[in-house]
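Number of protein chains: 2
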Amino acid sequence: MMMSSLLSVLSTHDIEVAETLIGVIRFLLIFVAARTLAEILVRLSLPTIVGELLAGVLIGASGLHLLLPPSAHASLNEGFINVISSLASIPAEAVPDLYFETFPSLQAVATLGLYALLFLTGLESELEELVAVGAQAFTVAMAGVILPFAFGTFGLMFLFQVDLIPAIFAGASMTATSIGITASVFGELGYLKTREGQIVIGAAVLDDILGIVILAVVVALATGGALEIAPIVKLVLAATVFVIAAIALSRTAAPGFDWLLDRLKAPGAVVVASFVILVLSCFVATAIGLEAALGAFAAGLILSSSKNNHAIQQSVLPLVSLFATIFFVLVGAGMDLSVINPLDPSSRSALIVAGFLLVVAILGKIASGWSFVIDKPTNRLVVGLGMMPRGEVGLIFLGLGTSAGLLTPSLEAAILLMVIGTTFLAPVLLRLVLKDKKPGGGNSIPDEVAADPVGLI
Amino acid sequence: MMMSSLLSVLSTHDIEVAETLIGVIRFLLIFVAARTLAEILVRLSLPTIVGELLAGVLIGASGLHLLLPPSAHASLNEGFINVISSLASIPAEAVPDLYFETFPSLQAVATLGLYALLFLTGLESELEELVAVGAQAFTVAMAGVILPFAFGTFGLMFLFQVDLIPAIFAGASMTATSIGITASVFGELGYLKTREGQIVIGAAVLDDILGIVILAVVVALATGGALEIAPIVKLVLAATVFVIAAIALSRTAAPGFDWLLDRLKAPGAVVVASFVILVLSCFVATAIGLEAALGAFAAGLILSSSKNNHAIQQSVLPLVSLFATIFFVLVGAGMDLSVINPLDPSSRSALIVAGFLLVVAILGKIASGWSFVIDKPTNRLVVGLGMMPRGEVGLIFLGLGTSAGLLTPSLEAAILLMVIGTTFLAPVLLRLVLKDKKPGGGNSIPDEVAADPVGLI
Numbered sequence: 001m002m003m004s005s006l007l008s009v010l011s012t013h014d015i016e017v018a019e020t021l022i023g024v025i026r027f028l029l030i031f032v033a034a035r036t037l038a039e040i041l042v043r044l045s046l047p048t049i050v051g052e053l054l055a056g057v058l059i060g061a062s063g064l065h066l067l068l069p070p071s072a073h074a075s076l077n078e079g080f081i082n083v084i085s086s087l088a089s090i091p092a093e094a095v096p097d098l099y100f101e102t103f104p105s106l107q108a109v110a111t112l113g114l115y116a117l118l119f120l121t122g123l124e125s126e127l128e129e130l131v132a133v134g135a136q137a138f139t140v141a142m143a144g145v146i147l148p149f150a151f152g153t154f155g156l157m158f159l160f161q162v163d164l165i166p167a168i169f170a171g172a173s174m175t176a177t178s179i180g181i182t183a184s185v186f187g188e189l190g191y192l193k194t195r196e197g198q199i200v201i202g203a204a205v206l207d208d209i210l211g212i213v214i215l216a217v218v219v220a221l222a223t224g225g226a227l228e229i230a231p232i233v234k235l236v237l238a239a240t241v242f243v244i245a246a247i248a249l250s251r252t253a254a255p256g257f258d259w260l261l262d263r264l265k266a267p268g269a270v271v272v273a274s275f276v277i278l279v280l281s282c283f284v285a286t287a288i289g290l291e292a293a294l295g296a297f298a299a300g301l302i303l304s305s306s307k308n309n310h311a312i313q314q315s316v317l318p319l320v321s322l323f324a325t326i327f328f329v330l331v332g333a334g335m336d337l338s339v340i341n342p343l344d345p346s347s348r349s350a351l352i353v354a355g356f357l358l359v360v361a362i363l364g365k366i367a368s369g370w371s372f373v374i375d376k377p378t379n380r381l382v383v384g385l386g387m388m389p390r391g392e393v394g395l396i397f398l399g400l401g402t403s404a405g406l407l408t409p410s411l412e413a414a415i416l417l418m419v420i421g422t423t424f425l426a427p428v429l430l431r432l433v434l435k436d437k438k439p440g441g442g443n444s445i446p447d448e449v450a451a452d453p454v455g456l457i
Numbered sequence: 001m002m003m004s005s006l007l008s009v010l011s012t013h014d015i016e017v018a019e020t021l022i023g024v025i026r027f028l029l030i031f032v033a034a035r036t037l038a039e040i041l042v043r044l045s046l047p048t049i050v051g052e053l054l055a056g057v058l059i060g061a062s063g064l065h066l067l068l069p070p071s072a073h074a075s076l077n078e079g080f081i082n083v084i085s086s087l088a089s090i091p092a093e094a095v096p097d098l099y100f101e102t103f104p105s106l107q108a109v110a111t112l113g114l115y116a117l118l119f120l121t122g123l124e125s126e127l128e129e130l131v132a133v134g135a136q137a138f139t140v141a142m143a144g145v146i147l148p149f150a151f152g153t154f155g156l157m158f159l160f161q162v163d164l165i166p167a168i169f170a171g172a173s174m175t176a177t178s179i180g181i182t183a184s185v186f187g188e189l190g191y192l193k194t195r196e197g198q199i200v201i202g203a204a205v206l207d208d209i210l211g212i213v214i215l216a217v218v219v220a221l222a223t224g225g226a227l228e229i230a231p232i233v234k235l236v237l238a239a240t241v242f243v244i245a246a247i248a249l250s251r252t253a254a255p256g257f258d259w260l261l262d263r264l265k266a267p268g269a270v271v272v273a274s275f276v277i278l279v280l281s282c283f284v285a286t287a288i289g290l291e292a293a294l295g296a297f298a299a300g301l302i303l304s305s306s307k308n309n310h311a312i313q314q315s316v317l318p319l320v321s322l323f324a325t326i327f328f329v330l331v332g333a334g335m336d337l338s339v340i341n342p343l344d345p346s347s348r349s350a351l352i353v354a355g356f357l358l359v360v361a362i363l364g365k366i367a368s369g370w371s372f373v374i375d376k377p378t379n380r381l382v383v384g385l386g387m388m389p390r391g392e393v394g395l396i397f398l399g400l401g402t403s404a405g406l407l408t409p410s411l412e413a414a415i416l417l418m419v420i421g422t423t424f425l426a427p428v429l430l431r432l433v434l435k436d437k438k439p440g441g442g443n444s445i446p447d448e449v450a451a452d453p454v455g456l457i
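First to last, the sequence lines map onto chains A and B.
So for the first sequence, full-length UniProt numbering puts the first residue at 1; every next one is plus one.
So for the second sequence, full-length UniProt numbering puts the first residue at 1; every next one is plus one.
Simulated from the structure, these hints should not be mistaken for lab results.
There's no promise every hint is true.
So the derived label-pair ranges between C-beta atoms look like this [unchecked claim]:
no., chain 1, residue 1, chain 2, residue 2, range
1, B, 256, A, 86, 26 to 36 Å
2, B, 43, A, 244, 36 to 46 Å
3, B, 138, A, 14, 25 to 35 Å
4, B, 259, A, 435, 23 to 33 Å
5, A, 263, B, 154, 47 to 57 Å
C-beta: ideal position from N, C-alpha, C; glycine also.
Okay, chain A solo, but in the shape it has when bound (with noise of 0.2 Å):
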C-alpha cells in the first residue's frame, strides 16, 4: 500500500471492489459457460471438454469478449465494462486495465488446474503397462513429429512458395501432442487405463520432450545463430534421465512417502503431502531446464504406487474440476476465429492454407497409429486420434512466430485453424470410434474409476 492520502485510500478500496467483482464476474461466467454446454455435450455422448473450450470461444476473444487474455488484443465486452463501472463507482476507462492487471491471477488459477490433472493421469497411469509399451510410445512420438513436420514444411515451400523459416515455424506447431487435453478425453471416455490410451499418453509425455528440443532448435535456427549440438544433447539427455528418475522413483519413493504419510498427525497430511511432491517434482523438472508439466506427470508417476493412492485421487479430484475447467475454457477463449471467416476473400487463401495444414496435422497424426509393432490387439486409430489433439503447445509455437513477426497474417490464420480443428475434432472423432465399445484390449479398469474417470461424484 503506498498511497499518500486518504483520498487514495478511498479510491484503493473502490479498485478492491471492482477488482473483487472482475474477478468472481470471470468465474461466474467461466463456470455457468462451460456446465451449460459440458451438460449439453454429455447427453450427446460428447466428452465435456469440448464444452469447456466451445464455452471459452463463446465467451472469449471469437464470442462475447467476456473472458479476454490480454494476448488478444481486443477490446473488452462494452456491458461488462458498464456492469463494473457502476457497481464499484469506478470511472469506465479504469476498468480494462483492471481486467488485463488480475488476469494472472486467473491463468495461474488455471495453470495449478492442469498440473492437478497432469498428476492425476500420472496417479492413475499403470506403470507396469505404460514401461511395457514404451517401445510402442517412442515409435508413436517420433512418427507423430517427424511426418507432421516433414509433410507441412515441405508442403508449405512446394506447394504454397511459404519460406523455408515460416514454413519450419508451421511444421514445428503440428508436431506436439497436447497432453492435457488427450488425457482429458481418455480420462472421460474411460480409456485412460487401456493399452491404446497407455500408448497415447506415453508418446505425448514423449512429445513434450521432443517440442522443447524442437523449439529449441528452431529458435536457433531462426535468430540465425550457429545452431549448437551441445545444448540439444543436454536437452534430451536431462530428459531422459528425469523420466528413468520417475519411473525408478516409484518403486522406492512411494513406500517411503506412506511411511511419512503414517507418521504426520496435522490433519490434511495426504493432500498437502502430495501437493509437496508434485511441487518439489515440478521444481526439478523446470531447474533442469524441461517442462514444470512435465514435472506434475512424472509426480503422479511417483505416487502412482502409493497404497494411498485412491485418497490422493479423491483429494485431487475437486481441484481438477474446479481448476482444470478454467484451463480449458481459457484455451477456447484465446482463439480468435475472426479471421477465418469464409466471407471474407482476404480470408481465403489462409483457408486453403488451413485446410493443408488440418489434413496433414490430422493424417501425421493418425498415421502415427500404424508406426509401431505389437503383437496384442490394439486399436490403431483410437491411437492416432488420441495424438490429435495440439492445444495450447501448437498456441505456444504460434505466439513465438507471431511475436517475432516471422509469420503471415494468412499463415499465422491456417496454424490457428490447424489447432482449433484438431483440438475440437479430436474428441469427437475418438467419441465416434469408440461408440459402444467397451474399453478392452487386456486392461480392466476399477469399477468406481470407469464410473467416474475425471469428475467427481
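Here the structure of chain A is known, so what remains is to put chain B in place on it, guided by the hints.
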C-alpha cells in the same frame, strides 16, 4: 506477447522459467514450513493454525525474507535471489521485480482458500442453533466492538496524549474479530458446532458487518468530510437484508439446489455447482457494498441444509487444506516484528503503548463473553477468547492508517503487536481452557466431523 525480436522471445522464455521457479519454490517453502510447525504443535495439543502463522513469521518479513508480501517493503533474501538467478539464467537484479510482480497470483490463491474456509464454516453451521443464539451473538458482537473501541480510544487520548484521529484509528483496529482464524481454531478443536462456537461465529459475522460500517465512519471523520448518515444507514440495511436473506434461502434454495444436482450429468457436478453458489453469493455481497468474505460464509449457510452437505464438505476440504494454509502463512509473513525489539530503546515507548492496547484488546473481547443473557449452560470464557483474534482485519486498519500518514511509528508498532498478540494468544488460551474437556452444552458433534474437523483424512 508483445515482443519485437526473437532475442526478446528468448529472454521471455527465461523470464517464464524464472517465474515458474519462483512460484514453485514459494509453494514449497510455505508448505514445508507450515507442516513442520503444524506437526510439532499437534503433538503439543495446540491448533495447527498457530504453526501456520509462526511458519509465516519464520520465512516472512520478520524472519528469513523468503516469503515477502510487496506491502512489507523489505529486501528479498539474497540466497533466494541467487538460486533463481543461476537456475533461470536471468540477472540477479531482475529477480525481485519478478518476485513481487507474481505475488498477487499467490494472494489470489490464498483468498480462494479463505473463502473456501468460510464457506465450509457456513456449511458446518447448525442454522437452527445459529438463529437460536442470534440474540446472544448480537450482544457479544456489540459489546466486543464498543468496549475495545471506547477504552482504546479514550485510553490512548488521556493516558498517552494521542490525538483524536489516530486514537480513533487504533481503537477501531481493535473492533473486528477475524472470522477466518476464529473458525479455524474452533473447527480444529471440534467446537464449531457447540453453543459457544455458534455464538462466536455469529458474533464474528456481525463484527464483520460492524467493521465495514466503522471503517466508513472513521475514513469519513479522518478526511474531514461531513459525517453523512445516509450511506451508513444504507450499509447497515444492506448487511441486515443480506444475512436474513441467506437464512431464508437456506430453507427454500437448498432443496432447489439438490433438485438441480439430481439432473446434472456431467462429472464433477457437486463441487462445481457449489463453487457457482459460492461465487454468486460473493458477487451479491460485493455488489451491495459488503465484504466478499461475508458472501462466502452466507453461501455455506444457504447450502448447509442441502442433502448433499457431506459430499460438498468432502470436495471443499482439499481446497481448505491447501489454500487456507497459504492464507494464514501469508498473514504471518506480513507481520514485521523487528519494530518491537525490546533491546532497542526507541521501541520501548511503542512496547508500553502496545502493552496497553493488547490488554484492552484482550479484556474487551473477554468481557463480551459476559455481556449476554442465556438460560442454558454456556462457557462464557470460551466465547470471550473466541472473539479475541484480530488477524487480517486489524491489519487492514493498520494499513489504511499508515498509508494515510495518520499514525506515529510507535502507534503503528503498537497496533501491530496488538494484532499479533491477540492472533497468537487466542488459540493457545482456548486450548488451555478447553484442555481435556469434551464439547458440551447441549450440542453433539457427528463423530466423523469431530475426528477430522477441518482437515482431510
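Against the structure, the hints:
Judged by the Cβ atoms, the range 26 to 36 Å given for residue 256 of chain B and residue 86 of chain A holds: they are separated by roughly 29 Å. In this structure, residue 43 of chain B and residue 244 of chain A meet the distance hint of 36 to 46 Å, their C-beta atoms being roughly 39 Å apart. Taking 25 to 35 Å as the suggested C-beta distance range, the pair residue 138 of chain B and residue 14 of chain A conforms, at roughly 30 Å. For residue 259 of chain B and residue 435 of chain A, the hinted distance range of 23 to 33 Å is satisfied, since their beta carbons lie about 31 Å from each other.
Evaluation of the 47 to 57 Å hint for residue 263 of chain A and residue 154 of chain B yields a pass: the beta carbon distance comes to about 53 Å.
Every hint, counting from the list given before, is met by this structure.
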